[in-house]
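A.B. asks: In order, the protein sequences belong to chains A and B.
Be aware that the first sequence starts at 11, since it is given in our numbering, and climbs by one per residue.
Be aware that the second sequence starts at 1397, since it is given in our numbering, and climbs by one per residue.
No lab work stands behind these hints: they were computed from the structure.
In this text, all values refer to a predicted model and were calculated from it rather than measured experimentally.
Treat the hints loosely; a few may be bogus.
[Unchecked claim] One-sided and incomplete, this derived list gives chain B residues near chain A with beta-carbon spacing under 10 Å: (1) A1406; (2) D1414; (3) D1421; (4) I1423; (5) C1425; (6) V1455; (7) N1487; (8) P1488; (9) V1492.
[Unchecked claim] Sample of chain B residues lacking proximity to chain A, with all beta carbon distances greater than 10 Å (derived): (10) V1397; (11) P1433; (12) V1442; (13) A1470; (14) D1477.
We put the beta carbon where it would ideally sit given N, CA and C, even for glycine.
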Amino acid sequence: MNAPRTLSWDWYPGVIPENVRLDDDVYVETTFSFSLFRSEHPDAVHLGQGASTYLGAMFDVGPRGRITVGRCALIHGARMVCDELIEIGDYALISWNVVLMDTYRLSFDRQKRREALRQLPQGARHWVESQVEPRPVRIGRNTWIGFDSCILPGVTVGEGSIVGARSVVDRDVPPHTIVAGNPARIIRAIEPSDSERRA
Amino acid sequence: VVIGWNTTIADTDFHPIDPAERIADAIACSPMGKGRPRPVVARKRVVIEDDVWIGPNAVILKGVRIGAGSVIEAGALVTRDIPAGSRVVGNPAQVVGEVT
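Build the full structure now, drawing on both the sequences and the hints.
C.D. replies: Here is the structure:
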């Protein structure tokens, strides 16, 4: 943990925050991924051994937010909007432009949204206070989230499942299932025979 | 052919469908996988025939043939072959008419 908190290859003049824990063999392409990070949780982000985050990954983590990323998980470019908990399992593959959110931050009540806009200080980059209760998002082990998909608050994606490109997932995905579309629907189960179907 | 901005055309699945192979791929793609070969990933050619017009933000997935003169509207996600002269909308994309 006494390693330097900057990255020698980084184009962005940032640091990896103190409450971000990196296991061995973790690759973080740029500290720009933490430019929206403001969590005060003592263990706010944990990247497991062999996990990697690339250019588009953004840890948009509020004051009490916490994100855990499993072993060898690959976050090619996801925006993680987190006020409570986002769990990403081992070997998960998260494609580009994915959005994982455990909160909408703003209320569905339009008067409350007006209040939030009024309270926003000039030049502020974030909402002062989240107006809604977050609902944790869990991305299971060995899952694969296709590009441009959006995982909405409270959703659990079961182990081994696949979310097709451009899907919007508003409810839980069972294990070993392929879902796709907006809203995401079940396409089929993943059978063991899929090993033979490749190529 | 006209293709709008931010359109994605992919002739590959990028990763295996099979969960066990996907674990192998995740390891091969990770910083721990230096030099390790990646599993075989399904690919299939994409053909976009003459005079097709693809709108902005559309997605054309692996194995799709888009017939001559078809119009793929903005944001459509095309997973299946499209007959010539079709107008296509939505996610997943559906043929909603013909191009006149």
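A.B. asks: Would you check whether the claim that V1397(B) is not at the interface survives, using Cβ distances to chain A and the 10 Å cut-off?
C.D. replies: Non-interface label stands for V1397(B): nearest chain A Cβ at 22 Å, farther than 10 Å.
A.B. asks: Checking hints one by one. Is D1421(B) an interface residue toward chain A, by the C-beta closer than 10 Å rule?
C.D. replies: holds (8 Å)
A.B. asks: Return the status of the interface hint for C1425(B): holds when the least beta-carbon distance to chain A is below 10 Å, violated otherwise.
C.D. replies: holds (5 Å)
A.B. asks: Quick one, is the A1406(B) hint okay against chain A at 10 Å, beta carbons?
C.D. replies: It holds, given that the least Cβ distance between A1406(B) and chain A is near 8 Å, below 10 Å.
A.B. asks: Is the nearest CB of chain A more than 10 Å from the CB of V1442(B)?
C.D. replies: holds (14 Å)
A.B. asks: The output says D1477(B) does not contact chain A. Does that hold with a beta carbon cutoff of 10 Å?
C.D. replies: holds (17 Å)
A.B. asks: Over 10 Å from every CB of chain A: does P1433(B) meet that, or does the non-interface label fail?
C.D. replies: Given a closest Cβ separation of 14 Å, the condition holds.
A.B. asks: Over 10 Å from every CB of chain A: does A1470(B) meet that, or does the non-interface label fail?
C.D. replies: holds (13 Å)
A.B. asks: Should the hint that N1487(B) touches chain A count as held when the rule is a Cβ pair under 10 Å?
C.D. replies: holds (5 Å)
A.B. asks: Should the hint that I1423(B) touches chain A count as held when the rule is a Cβ pair under 10 Å?
C.D. replies: holds (5 Å)
A.B. asks: Hold the hint about P1488(B) up to the distance rule: shortest CB distance to chain A must be less than 10 Å.
C.D. replies: holds (6 Å)
A.B. asks: Can we keep the V1455(B) interface hint, with Cβ of chain A closer than 10 Å?
C.D. replies: holds (6 Å)
The structure is inconsistent with hint 9 alone, although it conforms to all the rest.
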